[in-house]
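**Student:** Note that the protein sequences, when read in sequence, are chains B and R.
Going by UniProt numbering, the first residue of the first sequence is number 1, and it counts up by one from there.
Going by UniProt numbering, the first residue of the second sequence is number 1, and it counts up by one from there.
Hints were generated in silico from the structure; no laboratory data involved.
Being a predicted model, the structure only gives us computed values, none of them experimental.
One thing to keep in mind: the hints can contain errors.
Over the 10 Å line for every Cβ pair with chain B, so calculated as not near, a few chain R residues [as the list claims (entries may be wrong)]:
{"hint": "1", "residue": "1"}
{"hint": "2", "residue": "41"}
{"hint": "3", "residue": "79"}
{"hint": "4", "residue": "84"}
{"hint": "5", "residue": "131"}
{"hint": "6", "residue": "204"}
{"hint": "7", "residue": "209"}
Some chain B residues judged to face chain R by a derived CB distance under 10 Å, without partners named [to be verified]:
{"hint": "8", "residue": "69"}
{"hint": "9", "residue": "76"}
{"hint": "10", "residue": "97"}
{"hint": "11", "residue": "180"}
{"hint": "12", "residue": "189"}
{"hint": "13", "residue": "198"}
{"hint": "14", "residue": "204"}
{"hint": "15", "residue": "211"}
{"hint": "16", "residue": "212"}
{"hint": "17", "residue": "213"}
Every residue, glycine too, gets a C-beta built ideally from N, C-alpha and C.
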Amino acid sequence: MIVDILQWLLSGEEWSGDGGILARLLEHIAYTLLVIVVAGLIAIPAGLWIGHTGRGRWMVTVANALRAIPTLGLLFALTLVLLPLLPGASAFIVPSVAVLVLLAIPPILSGTYSGVEAVDPAALDAAHGIGMTGRQVLRSVEVPIALPLLISGIRAAVLQVVATATIAAYVGLGGLGRYLIDGLAISDYVSTAGGAVLVAVLALALDAPFALLGRLMVSPGLTGRTPRRVLRRTDPTPAGGTA
Amino acid sequence: MKWILDHLDDITSLGLQHIWLSGVPVLLGLVIAIPVGWLATRTRWLRGILITGSGLLYTIPSLALFVLMPLVLGTSILDPLNVVVAMTIYTIALLVRSVVDGLTSVPDEVARSATAMGYTSVRRFFGVDLPLAVPVIAAGLRVAAVSSVSMVSIASLIGVDQLGDLLIDGFNRKIAGELLAGILASVLLAIVFDLLIRVAEHTLTPWRRAHQGGSA
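Based on the sequences and whatever the hints tell you, model everything.
**Tutor:** Rendered as structure tokens:
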């Protein structure tokens, strides 16, 4: 069985062509990227605003409460509603992307807002004291200090989206989920398991740069007293962040 | 609404399946995560490995993990055991960090007082460290339970029955009532699990009530 799956993964013809592995892989990455950009454009400004002003915390509560709704159900419900309204391929792309964006918002939002909120009040006082405006404080004090949590929020969102995009294949979205859903439908276990391996590898591969990014972008002053300790630190923050 | 009332029996039996497929892994995961988290707090080099390792486990997509389980366990693809083991892995992945955070949040002077009073390390763990870590662990457990309930629906795609069946059948046959029933039942279950954990947390932390003057 494992040999069959390896053979499937390594065969040249499976990789090429329109429905080939390479094309599916690129589709999967493209959808993930699109979703993260849209979710980031919504969640990062909202998170900065909540953290900076201390207002609007209900948004975090609402976003977290939405997590209780089964993604599969939300996806199906939205697709059923939009199916008669949208033409062609957009009938499944729009609901899929919308559900994935909804899924990606809570981790980015809570990463951003808790990062800003965790900024030491003394640092804010100092910034105000040297005459910084609110905008300057946000840009040159709060954002840099919030960066590690912000990045780990985005990282968690990326993983969720990569994982859940596979489910959206059920309503017709492309990407690696096709191998899982189509393989299950025709009981072709080899391509199903091969697809599963590809998704898992992609998730791990996308996670690694974030671990690195988190380490590079965190200023030494935040992580430890001396750069030496920074190099030795071994706690890449996994999904979820602070809570 | 009419669909829900007409199919109450089906919803109940699928709901029971859902409870055991999502609840058992949460309990199993907790039982395993506590000693693992304890080990991680004791040994510095183990901590990095265990926390990174459990974080990596969480990166494997659920549908992929369900499908790959038979390869690891030697079960058939339709075996519910695949789902139970996969969900247990996710719970452990989420909870090890909570256990570590909870245990390390115990104030140093409290731990040292206990030692000074003659507590052995085992007795201190069960009598002092673990109870004081309950609120942090419970917070992690609530996240794990809610995501477990919502994630188990996906197992319907591989043919393991629970409330997710209502979602798929409702979608395929365009029965909005059935789809809605599946969503509502799942959300309700998540709320019940969340409440149960909060009640357990409340019961296990009597000193917090003492602080608030006995009010619940």
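**Student:** Each hint should be assessed against the structure and marked as holding or not.
**Tutor:** Here is how each hint holds up against the structure:
| no. | hint | result |
| --- | --- | --- |
| 1 | 1 | 16 Å, holds |
| 2 | 41 | 13 Å, holds |
| 3 | 79 | 13 Å, holds |
| 4 | 84 | 18 Å, holds |
| 5 | 131 | 21 Å, holds |
| 6 | 204 | 20 Å, holds |
| 7 | 209 | 23 Å, holds |
| 8 | 69 | 6 Å, holds |
| 9 | 76 | 4 Å, holds |
| 10 | 97 | 18 Å, violated |
| 11 | 180 | 6 Å, holds |
| 12 | 189 | 7 Å, holds |
| 13 | 198 | 8 Å, holds |
| 14 | 204 | 6 Å, holds |
| 15 | 211 | 9 Å, holds |
| 16 | 212 | 13 Å, violated |
| 17 | 213 | 15 Å, violated |
Of the numbered hints listed earlier, those contradicted by the structure are 10, 16, 17.
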